[in-house]
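For what it's worth, my numbering labels the leading residue of the sequence shown as 59, then goes sequentially.
Treat the hints with caution; some may be incorrect.
As the list claims (entries may be wrong) - Subject to a maximum C-alpha distance of 30 Å in a straight line, what follows is the list of computed DSS-like cross-link-like pairs (lysine-lysine):
hint, residue 1, residue 2
1, 828, 1031
2, 506, 1122
3, 595, 663
4, 797, 820
5, 660, 728
6, 720, 694
7, 682, 888
8, 836, 1031
9, 888, 1212
10, 530, 504
11, 851, 720
12, 911, 851
13, 822, 720
14, 530, 506
To be clear, the hints were calculated from the coordinates, so they are not data collected in a lab.
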Amino acid sequence: MNVNQHTPMASPYGQPQPGYAQPGYAPLDGGYPAPYAPYNGPASAYQPGVPPQGQARGPPNAAPPPVSAPQQYNQYSHSQVDMQNGPPTMTQAPPRPAAAQPYSQGHTNMTGPHPSYPQHYGPPPTMQQVTSQMTGMQITSGPPTPAGPGYAPPHSSQLPISTYSAPPQPSYTQAPPPASSAPTQPPPPGVPAASQQYYGGPPPPSQQPFDSSRPPTSQQQFTSSAPPPPSQQTFSPSSFSGPPTRLQAAPVSQPQPPFPAAPPSLSSAPPPGSQPGFAGGPPPIAQGSFPSQLPPPSSQPGSFPPPGPPPTSAASGQYPPMSQPQQPPAAQPSPYHSGPPPPRAQMPPTSMGQSNHLPPGPQGPQGPPGPLQQPPVQPGMQTGYPPQQNGAFGQARSPQPGYAGPYPGQPNYGASAPAPGVAPAPQKRLDPDAIPSPIQVIEDDKAKTNEPFTTGVRGQAPPLVTTNFQVKDQGNASPRFIRCTAYNMPCTSDMAKQSQVPLAAVIKPLATLPPDETPPYVVDHGEAGPIRCNRCKAYMCPYMQFIEGGRRFQCGFCSCVTEVPPHYFQHLDHTGKRMDCYDRPELSLGSYEYLATVDYCKNNKLPQPPAFIFLIDVSYNAVKSGMVSIVCNELKSLLDLLPRQNPEVDSVIRVGFVTYNKVLHFYNVKSTLAQPQMLVVSDVSDMFVPLLDGFLVNVNESRQVIESLLDQIPEMFADTRETETVFVPVIQAGLEALKAADCAGKLFVFHTSLPIAEAPGKLKNREDKKLIGTDKEKTLFQPQVGVYNSLAKECVAQGCCVDLFLFPNQYVDLATLGVVPVSTGGSIYKYTYFQAQTDQERFLNDLRRDVQKQVGFDAVMRVRTSTGIRATDFFGSFYMNNTTDVELAGLDCDKAITVEFKHDDKLSEETGALMQCAVLYTSCSGQRRLRIHNMAVNCCAQLADLYRNCETDTIINYFAKYAFRGVANNPTKAVRDTLVNQCAQILACYRKNCASPSSAGQLILPECMKLLPVYLNCVMKSDVLLPGADVSLDDRAYLKQLIGCMDVAETHVFFYPRLLPVMKLESGSLPVAVRDSEERLSKGGVYLMETGLHLFLWVGASVQQELLLSIFGTPSFSQIDPNMTNLPVLDNPFSQRLREVVDSFRAQRSRYMKLMVVKQEDRAELTFKHFLVEDKSASGGASYVDFLCHMHKEIRQLLS
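From just these sequences and the hints, can you work out the full model?
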């Protein structure tokens, strides 16, 4: 990541950056209605004035640039002591340690030069500063140590000078690695070295991305002494990229071996909980761009070589020079840049073969040209990092004790040459991938989850959403229904404000359970209805305490005592529990349903069964694209699949049909008619339903008439020339029909274009690219006219949910059309440039699932909490008339609602905090039911306990929804700044209050939040917050609405897609995923990527014929058809297994994912690369490494 390349990176550490650190960013709250004011958390903006902690340190830049003299690193000086070993102390159920992972190195580097980031992180640091600053970034993540979570070795507090002392690691001197350090393993024949790294298939073993074998060291810190400037990430990019290479930044000096073996090196390493600190080696000198004045490091370890091009490889201890921008692999020009690739940055010489030691200079490295001369890009290297085979990035390392000598074939990689005069210290290697790897965390979590998750223990964090596990309900709701951001809530609001960790729960009330788990039991108390607390109205649940022999119960939420009705009385056993405790779901389970009585119904009368109304656009575009005939044809079979409570019985849902362009056509399909009748309403300004009897009918009774109608519609409008459409009158028509039938229901609207015909809700095209990035951009996310909001309110009152299927060929103002579906709990499906042959399958699968899925109508949700906290804000697809009731005209099994809690009093550690989510709804059979989910979490008075039991995936779900809602009221830059700000505060609070003291150069992350930076960066780079030039306003509005109602599993795969190396596919289990970076792709590989909305099959240019034959049935790369949307059905086990995997991925998601085959270097590759989220994005989003550095800088600023 060369500095140069990033221009906009952060300013050198320590310098104020424009935009960040300005005193307070106002909370995004912009326009939220008071009832749910936004979290001010984020707002808190870093106050510039935070009192310094510890001695005040000058800004890093103040530190002298790294000295050129060789500094010895003592890295070892810290001796192990610094690392604290030992598991964190725990007061509560042990946190599931995040899996500690050796960080495997993901590549962070992004390929290709990256565009500069909009994330404005300030002017690029000057080299010097950079170096000095960077000197020490270390990332540690680890569970809190006894001392406090996350111990990093103390690192000396010295400014990041280059000496780093670090935990004992071998010191390497910095000398550059021997020239020979060519990649450890020779590149495969035929592949240029450079290229090899990058694409070369899987990383060599030594560098496998992560070995599972390695023990988790969780905390690895990389210390470099100072944080690397962003651009230079301390880690050499490469390090993250490929095989695990070391973070350069990690102290570079330490090579971290890639191997699993590593653990030993950690010998002292603390147990997983602990974190080995990586000490950073010498300051990264090379790193950043070198100050011009400084000569790049010469081979001498400490000294910088004479000015001139940066050294080819950085000395080992130093980070490889970053000065030049990296270039994308030659083989493929970087997608995002045009123009010749920038010189490579920071990479050590590309071929590692070059001697590292020679400064490239006139003398030129041996071997490939020195970086300056821009060695050939290595394709694999992705930008600019030298291939490192052994994980050492550019540094040579000496063998490390405890490891069996150098990697094979490797010239003592690892040892750096001793600095002059310094004896090389024995080296110990630390784990290679020095920045936290999402894949490692995911795999570690899977490895430690082997028995069912029982919900009986309060405050126990569940396995991650990426892990398959079975749940046994023992009194708290399953994580499939509720996931919390923190399972240890702070006892006081001051503590919550200090930590800035959002306190929220993501609730999916009607979630579908896997076949091996029991759906919630239904409890029927007859006429009397559910037993409730007299004061707060909470429903009977396991948190109610029976007293006085069972005659009364004390509410766990408000402590009020209520009489037990005589019919519900039961004696208590010797422990004070009711004798029938385990026979009653409401006394022993976290989730269950009650049958509601007539008191819970609208107007005190039992509801009618719901109705489904299909409203089909028959304008010219709709007919021409084939949409009308596809919908009519599909509905014939779909009507047999309407949802029902009991599979044995026919559905009681009635159906009706309307077609429209700029007038509406209603159809009478009464069973006694021989042919359907059409009634046209042309006065769209005053909509009414022209018939009552015969519009909503039972499918079985009217089947012949309905089929006749569906056959006739495409023919009737086949020659239409009408291009204009209306929209609001269409929804009003459906709403009026439901009112007339006195029932709730769902409208399925199939629509194609901007409604420009004269009618209520008429819109104009307001898409204006010039507003993007300005203060007026937010208006584009607000509805154009007010009639949509008032219509939505009417729909909610009637229980009329709207699902919108859009087939646009141009702007349709989704921000406005989406108001009704979003407010009524409906869904929006968008098929831009719909083409029957390629998009029909996706549309029909979405339609089938949408019609068949479990849904509740006319629902109201309320979240009650125990004294001390209350629900203050809600995110999702719903409507709110007051501050407590979430009204949902429809609530289906895919919709999640994120609820934020705030303190209104103190909580106590003994009682914990309780929440109860109650949803009252009408089932698809017309029954009124109450679904109850109960959740108890622990409370803590120590910040370390809070940070020990958080769930990053849930925090990201909250942040994404908070930020995406904020764009309608704030400039996107302010929204992004608020996110960075809050994240920095969360991590700075941990560093200040929970981590053991260490130098500011270390980046220390709590074990359970070590992925917060990488995931937050994905949110920041999303199309909603940082759109590329080709992202339309409708696409952004669509994603904003879609993500607003996603659950944690969906936001996880959306922001950090799953990337599987298909060539390693075997029957049985799936191969371990690889990190989302171009560096991880091998030219000879085939990879399947899943984002939750898309599936991509990326095919490398040099895949073996045998593999191509078994997947595509063709031996040649050039013959693969890039337009296929389904894999050919071939009679071989590999083809069968791959198709099974694709089907299983599709089955797990709520939307059908269309498969796109992407051939390497094809045009479609740009779309695919957009989802390689650890790399820089075309729209200017930072790479993971850069963002991590930027985050470190922000944290240091807060701490100083």
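Quiz item: Straight-line Cα separation of residue 851 and residue 720 no greater than 30 Å?
Solution: Roughly 24 Å between the alpha carbons, so the hint for residue 851 and residue 720 holds.
Quiz item: Under the criterion that the straight-line Cα-Cα distance not exceed 30 Å, is the pair residue 797, residue 820 satisfied?
Solution: holds (24 Å)
Self-check item: Distance restraint between residue 836 and residue 1031, which requires alpha-carbon spacing of 30 Å or less
Solution: holds (11 Å)
Quiz item: Is the Cα-Cα distance between residue 828 and residue 1031 30 Å or less?
Solution: holds (15 Å)
Quiz item: Taken at face value, is the distance from the CA of residue 728 to the CA of residue 660 at most 30 Å?
Solution: Measuring from Cα to Cα gives roughly 29 Å; hence the hint holds.
Quiz item: Taking 30 Å as the top limit, are the C-alpha atoms of residue 822 and residue 720 close enough?
Solution: holds (16 Å)
Exercise. Take the C-alpha atoms of residue 888 and residue 1212, compute the straight-line distance between them, and say whether it is at most 30 Å.
Key: Roughly 13 Å separates the two Cα atoms, so the pair holds.
Practice problem: Sort out whether residue 504 lies within 30 Å of residue 530, counting only the CA atoms. | Solution: holds (18 Å)
Practice problem: Would you check the hint for residue 595 and residue 663, treating anything up to 30 Å between C-alpha atoms as holding? | Solution: holds (22 Å)
Quiz item: If you draw a straight line from the CA of residue 682 to the CA of residue 888, is it 30 Å or shorter?
Solution: Measuring from Cα to Cα gives roughly 17 Å; hence the hint holds.
Quiz item: Can the restraint linking residue 506 and residue 1122 be considered satisfied, given a maximum Cα separation of 30 Å?
Solution: Holds, at about 23 Å.
Practice problem: With a cut-off of 30 Å on the C-alpha distance, tell me whether residue 911 and residue 851 pass. | Solution: Since the Cα atoms of residue 911 and residue 851 sit roughly 24 Å apart, the hinted pair holds (cutoff 30 Å).
Violated hints are absent here; each numbered hint is respected by the structure.
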